[in-house]
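Colleague: Residues per chain are reported as follows:
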Amino acid sequence: MISEITTESLWADLRKVRETAPLIHNITNYVVMNNTANALLAVGASPVMAHAQEEVEEMVAIASALVINIGTLSQDWIAAMALAMTAATEKGIPIIFDPVGSGATSYRTRICRELLTVNPSIIRGNASEIMSLVDASIQTKGVDSGADVSLAEQAALNLAHHYSCVVVVSGAIDLVTDGHKKIAVPHGHAMMSRVTGLGCTATALIGAFSAINTDYFTAAVHAMALMGICGEMAAKEASGPASLQLNLIDTFYNIEQNHIAAYLKD
Amino acid sequence: MISEITTESLWADLRKVRETAPLIHNITNYVVMNNTANALLAVGASPVMAHAQEEVEEMVAIASALVINIGTLSQDWIAAMALAMTAATEKGIPIIFDPVGSGATSYRTRICRELLTVNPSIIRGNASEIMSLVDASIQTKGVDSGADVSLAEQAALNLAHHYSCVVVVSGAIDLVTDGHKKIAVPHGHAMMSRVTGLGCTATALIGAFSAINTDYFTAAVHAMALMGICGEMAAKEASGPASLQLNLIDTFYNIEQNHIAAYLKD
Amino acid sequence: MISEITTESLWADLRKVRETAPLIHNITNYVVMNNTANALLAVGASPVMAHAQEEVEEMVAIASALVINIGTLSQDWIAAMALAMTAATEKGIPIIFDPVGSGATSYRTRICRELLTVNPSIIRGNASEIMSLVDASIQTKGVDSGADVSLAEQAALNLAHHYSCVVVVSGAIDLVTDGHKKIAVPHGHAMMSRVTGLGCTATALIGAFSAINTDYFTAAVHAMALMGICGEMAAKEASGPASLQLNLIDTFYNIEQNHIAAYLKD
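Protein chains in written order, with this note's numbering: chain A, 1 to 266; chain B, 1001 to 1266; chain C, 2001 to 2266.
By construction, these hints were calculated from the structure, which means they are not laboratory data. There's no promise every hint is true.
[What the hints assert, rightly or not] Straight-line Cα separation of at most 25 Å, BS3-like style, residue types lysine-lysine; simulated pairs:
1. C:Lys2265 / B:Lys1236
2. A:Lys236 / A:Lys265
3. B:Lys1236 / A:Lys236
4. B:Lys1091 / B:Lys1265
5. C:Lys2236 / A:Lys236
6. A:Lys236 / A:Lys181
7. C:Lys2236 / C:Lys2182
8. C:Lys2265 / C:Lys2016
9. C:Lys2236 / C:Lys2181
Here the structure is a predicted model, which means the values were calculated and not measured.
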């Protein structure tokens, strides 16, 4: 399946992000805001973080994608997320939804299911989070999950079918599906799980790619492949998780077509 | 105009910051809180972040400057900002105001104009933000703006006149004016625009310098010159935006008189 | 007293953290959330940040320790802290309390005293913060304090006695006491005080060690010793506070028994 990601198409989309600098509106969690903004800037997009109910609809009106991440949710923010998602649906820009910690508490699982009624375009989570969106009895440990991606494949297919959206399950090998097609993205590095919020960064990158490519399945595949390739490149020079995080941002900024080709071997 | 910034005066003020470690009270946005605190600590100041309405007036009472940044604003925070600004005015310490994203939504523009009625001492923004404070019809794209500083010169002069304050317009060449005098600060590096929140860092540095120099025009010039020089030094060793951010903080900590002299060439 | 920390016992506990990856529930401040999460991940624990009153009790139910840090407090968060602390007490997991800025405003001092009525297992603060918990007339400057640890020794003993808890006073030489035993932890580096939130990181590490060692005195000593040793190792290769912060996280990830032995010289 890997042969479906080509250097040419990934590189074309990355160039488009860099040339058009799409505005990505993020309503995300406190832990990752800085890293998410820096990842988006480094890859060439233009991030904005805004969560006040008074302004989210207006911010959506000037944005090219909306990223919703419930990592540190509370009632005020959820109301703003719902407003922004509705505005994004009406405008027709992609909504990328990250159900951080769904399954860890019944509150998170319930809120995720409520927000899903405003159809997101793309959902990205780890295996436990994706499974909990389909089966509320799934209990996960906090926001990190060791559950294998393959365990969530059926849930991902069901979810994609049910909401007519693209679903990404992150793990050692990522799975991307629209309910019909599916593709495995094998890139990345084990140390990435020791850096907080790299899943959230992946979600934000999907925002950047879906802002410039209306084929959301391909956009999600490109974002996950770029994330994995840059992660591998960053890990090579890293002496631990903090230098990995630093190198990753620098790699988003520096990566060129020949680096991508070296990993995709197409 | 550049000749007005002298190594001697900038160095004297930087030494004063390092020797007195003024307490800078920040009510700022979630994205930059960590970097802002680290920048202030590295330059020699003592940062505190506090936004509860129950305590901001008491925090102002022990602070030497108040930095207000609306980057991720919401109603509770705005009320706290207004309380803190009033307390700072009564105490006579400088208020530095950063209208992040003013012009991006009408909510931000309106809140900025409301907060401006409590006269800040110094306002720092990019060209679009500064223009939106004078002409509410200015629409900007998110929080990053490519608008040229020169476009905002008249707005900056008007703003400085109207509020009897110092206005700083950030860009490739920064403009600082008190409505009468103006000065261009040419330092900095293009890659700085790919790091989130360096404008907010500049605003916080103005806080540190205005805490120890009641001539706010000179304080703002010193802060912007230090920001630009350290940015250039940091960029030399950087392989991307994340290493630039890291080097910048380290440079704030390490910079000595001879480095400043090498850039100012006075 | 230093001889009480042995390489063998510290290493055994660190291995236990790495092998069991205990879930540490943090209700902490905006400034340090990212660094705290990364420190916990690097040392081998699993962090979760959650503050909604609707979910904190359920999150405590799956956690192995609860870290409460009032750095950027506001009313909603305090209510969530109280709920979580009560749930943690009932469950019998350790509560580690960080009274950031207690003494800086009467609001902070009052809230700390209220939260202390739900007995925390371990309290960590700097000298001023610890003293303010005993004597509300103590006034500190912001969140950084130059007050000497020795000044707070009596307050620490009284506090530990009164609440039957372990108290840690951070400084150049840390003091750990349970009201009877006391121990000095001499490790660390002066530049650490120029990095924001390393006190908060120490508090979170105490969370990780107390999650796997029910002898909270020993757990606190181990966490503070690891913090200090890693800080010294990180400082050796650092060219400023930002590279110190980066190296510190990488060192948490990489440190092995022989490094610890080299510092403890036991």
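Colleague: Run every hint past the structure and note whether it holds.
Modeller: Okay, the hints, checked on the actual structure:
no., hint, verdict
1, C:Lys2265 / B:Lys1236, "violated, 41 Å"
2, A:Lys236 / A:Lys265, "holds, 18 Å"
3, B:Lys1236 / A:Lys236, "holds, 23 Å"
4, B:Lys1091 / B:Lys1265, "violated, 38 Å"
5, C:Lys2236 / A:Lys236, "holds, 23 Å"
6, A:Lys236 / A:Lys181, "violated, 32 Å"
7, C:Lys2236 / C:Lys2182, "violated, 29 Å"
8, C:Lys2265 / C:Lys2016, "holds, 22 Å"
9, C:Lys2236 / C:Lys2181, "violated, 32 Å"
Checked against the numbered hints above, the structure breaks hints 1, 4, 6, 7 and 9 and satisfies the rest.
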